[in-house]
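Engineer: Sequence:
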Amino acid sequence: MLNRPLSLTALASMLLAGTAFAADRDALIAEFDASTAPLVRQSKAIEHGWDDKAFRNGLERHNGDATALLREGWVSRFLQDANAQQQLARQYRAHLGSMLAAMPTGSHCQSQAPLTQMDTELAAIDAYIQRLEGYQGLSSQEQAYPAVMDMTISHARVVSVISLGATFRHCVLLDEAPALAKGLSGEEGDALAINLISTLAAEDVSALMAEAGKGDNAEVLAALMEAQAGQTPTDDTAKSSIAKPLIAQPLMPQPDTAGQSSQGTDNRVADTPQAPSLSAASPQLISAVTFTDAALGGCIKEAARSMSVTMTDELELLQCDLNGKSVKFADLRQFPALSMLALSNTHIDDITTLSGIDNLILSNVTLTGFDGLLDVSSIQLANADVGDWLSLAALKGTTVSIKSGNCDDLAALDGRDDPVLIHKGLDSRELAGRMARSEQSGVATVMTRCSFGATRLAELPGGTNR
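Residue numbers (mature numbering (1 follows the signal peptide of the UniProt record, and there is no 0)): -22 to -1, 1 to 444.
You can trust all of the hints, since none of them are fake.
Distance condition first, Cα-Cα at most 30 Å in a straight line; then the derived DSSO-like pairs of lysine-lysine: (1) 279 / 31; (2) 279 / 303; (3) 31 / 303; (4) 306 / 31; (5) 279 / 306; (6) 22 / 402.
Here are the computed distance ranges between Cβ atoms for each label pair: (7) 111 / 2: 42 to 48 Å; (8) 39 / 350: 35 to 41 Å; (9) 51 / 80: 40 to 46 Å; (10) 93 / 347: 39 to 45 Å; (11) 118 / 91: 39 to 45 Å.
In case anyone wonders, no lab produced these hints; they're calculated from the structure.
The beta-carbon is built from N, C-alpha and C at its ideal position, and this holds for glycine as well.
Using the sequences and the hints, build the whole thing.
Structural biologist: Written out as structure tokens, the structure is:
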């Protein structure tokens, strides 16, 4: 039998009923927040090594010479940061374990999964620290360049492990809205719940997540790749692929083995126009590709070199800082495996050329709108100048996370059915109604830390109010 969502009336009544143990649970969480707030502040204060522009721009300053960059002493600074962050994370984990153990019977907050996730991350940090210790004194470019790449990506795990532990908070949503939790079960539900909590919940968590959206997209990309909750590859193929980002799960029916939707009879997703195929071109050597846009071609070639990728069907992720240039992106169709694209400091003239790329991370970009953009699971926007925000309605089944920008620009989206806007300050009934509406209809879900209504125009981190 098909599992159909409950009516919004029934869902609202369940939310209002609450749970008998809610007061005890919330008191434990409040005590936990008070105990760990100093740890979160200290963790944030020692991110300086990872987000230092001198390191991020180091290869450019040294014309690609990684050995010269490492001679500036970055290994020692990163090692000091990693050890300090690890100690804070272990203290945070101890508080988390005590709180979960004390949770009342029947609460989803009794789950030990957050501890398991933190243990996995802490083990990875241990391995990273050992690698860092071996990076001191590297003298060859062949050794130094991979070391710099490892430091760029793996250090994101170090600075995000505490915010990862804080994603336990979606258990409150599971407690208070069992019908909603059932309707959003599985991978899509987990990802949406985690993104919802990171966007709307504790201030410290939201601030940490928002910080990842500042500056170059390398940090955002690394954070999304490395700081994931509860998504462990189950086979060798999955282990070799790029991890899905935290916000990259679409609210779309997934086909079963018979090719039919497993979530009811709604065929709107199946009827949605498909993006131009990225796999039309035959694989070839990247060095043999003739690029129509020199800036994009240079970025792709540099990325391929740094990741030891040689064929067009091997490039899975790409990050390009385009230094204010207006770039044509049609060349991306020659890279069928590209599933994550991070662009910064550019004007996007034709958004349709990004269709079919599952995850887009756009920072400091300008674009007219989203009409014609197809087959994209998630979009993360930071300081994006969008001419027509209402064009987000053209996206189907896409999760859009707005990390920083101008809250005034988003006010027109509030209260619309398409797209559905999830923002800070919604009461539980309205939140549940909007999430259920998004899940049932397959329209885009837009998440932001702005507030509207009675607390209208609360400023985003890094954003402004006109």
